[in-house]
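Let the hints inform the model, and build the full structure from the sequences given.
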Amino acid sequence: MRKFKIFMDDAKEEQWINDMASQGWHFKSFNFPLYSFDKGEPAEYEYRTEMLEGFGYGKAANEYLDFVQSTGIEVVQKRFNWVYFRQHKSKGNFELYSDQSSKLSYINRIFTIYSTLAVLNLIAAIINGSVLLLDESLRFNSFIAGLNTGVFIALLYPLAKTVYRKQNLKREIAMYEK
Amino acid sequence: MQQPLTEGVYYILLALYEPRHGYGIMQIVEEWSDGRVKLGAGTTYGALKNLQEKKFIETLAGEGRKKEYVITSLGKQIVEAEVTRIKELYNNGRKIIKAEGDL
Numbered sequence: 001m002r003k004f005k006i007f008m009d010d011a012k013e014e015q016w017i018n019d020m021a022s023q024g025w026h027f028k029s030f031n032f033p034l035y036s037f038d039k040g041e042p043a044e045y046e047y048r049t050e051m052l053e054g055f056g057y058g059k060a061a062n063e064y065l066d067f068v069q070s071t072g073i074e075v076v077q078k079r080f081n082w083v084y085f086r087q088h089k090s091k092g093n094f095e096l097y098s099d100q101s102s103k104l105s106y107i108n109r110i111f112t113i114y115s116t117l118a119v120l121n122l123i124a125a126i127i128n129g130s131v132l133l134l135d136e137s138l139r140f141n142s143f144i145a146g147l148n149t150g151v152f153i154a155l156l157y158p159l160a161k162t163v164y165r166k167q168n169l170k171r172e173i174a175m176y177e178k
Numbered sequence: 001m002q003q004p005l006t007e008g009v010y011y012i013l014l015a016l017y018e019p020r021h022g023y024g025i026m027q028i029v030e031e032w033s034d035g036r037v038k039l040g041a042g043t044t045y046g047a048l049k050n051l052q053e054k055k056f057i058e059t060l061a062g063e064g065r066k067k068e069y070v071i072t073s074l075g076k077q078i079v080e081a082e083v084t085r086i087k088e089l090y091n092n093g094r095k096i097i098k099a100e101g102d103l
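First to last, the sequence lines map onto chains U and S. Positions 1 to 178 (this note's numbering) are the ones given, in order, by the first sequence. Positions 1 to 103 (this note's numbering) are the ones given, in order, by the second sequence.
Source of the hints: derived by calculation from the structure; they are not laboratory data. Do not take every clue at face value.
To be verified - List of simulated lysine-lysine pairs, BS3-like, C-alpha gap at most 25 Å:
hint	chain 1	residue 1	chain 2	residue 2
1	U	Lys170	S	Lys66
2	U	Lys170	S	Lys76
3	S	Lys66	U	Lys59
4	U	Lys91	S	Lys38
5	S	Lys76	U	Lys59
6	U	Lys78	U	Lys39
7	S	Lys76	U	Lys78
8	U	Lys166	S	Lys38
9	S	Lys76	S	Lys66
10	U	Lys39	S	Lys76
11	U	Lys59	U	Lys89
12	U	Lys59	S	Lys54
13	U	Lys91	S	Lys54
14	S	Lys49	U	Lys166
15	S	Lys54	U	Lys78
16	U	Lys91	U	Lys166
17	S	Lys67	S	Lys54
18	U	Lys91	S	Lys55
19	U	Lys89	S	Lys38
20	S	Lys55	U	Lys78
21	S	Lys67	U	Lys59
22	U	Lys12	U	Lys166
Unchecked claim - Distance ranges between label pairs, derived from CB positions:
hint	chain 1	residue 1	chain 2	residue 2	range
23	U	Asn31	S	Ile86	31 to 41 Å
24	U	Val131	S	Glu30	51 to 61 Å
25	U	Leu117	S	Glu53	49 to 59 Å
26	S	Leu74	U	Asn31	43 to 53 Å
27	S	Asn92	U	Asn108	31 to 41 Å
Just so you know, even glycine gets a beta-carbon here, dropped at the ideal spot from N, CA and C.
Right, here's the structure in full:
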């Protein structure tokens, strides 16, 4: 089965894939903007997504993926630095990050990506927008400025959520040594 | 004064008093803690990297997923200091709450 879907929020995507899995639809691959699923037993697998460090290539990324797989976790799909993992439910609860401080460093990694994308889009929107002040007939620039503004606004939600998750974790860390 | 270790790092160091590979560490820690401490693969990987940088552990021969780790003498000193710290916490807690028996 294929489903058309676009996510701007990594946590929402992961949640949706797990909801599908609990109904017996096992995520197989994502080819923008289509998600493919295989029919199987309901609630057989638990999925986790992760943004790898850097661009997701090279020795460090391979070493990490190799390590994760050696613990019985499957790599379902990897596209650049974005990976879909799954583990059979018989192996119990599946978390890649089990303590607060490693969760926080992962969220910081996501925050860096979201904020970099947001800033780049804002800058591009401003540049393309200010070109219009000189010459109003530049339709292409006005289209691009609109697109950049749209992406910037769409990124504000996951960005705000990431900040919220960061603050919650910091509060937890201040109290519990985990 | 040494910083307190996280539970995960403490258990990883204990696990490495014998050479083990990554998954072996995760399994023995889960067993020792009766399933309470389930180390995530990402957490374990990050901790192993950091502990190697700090020279608390080192790798033995072996490549990729067969790679084995073992604690160094510096790592052992860290664990010993941590056990002393936990003993202090435990003894004071026990005294104040006037625990009896096994606690």
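**Q.** Enumerated hints in conflict with the structure, sorted upward
**A.** 1, 2, 5, 7, 10, 11, 13, 15, 16, 18, 20, 23 and 25
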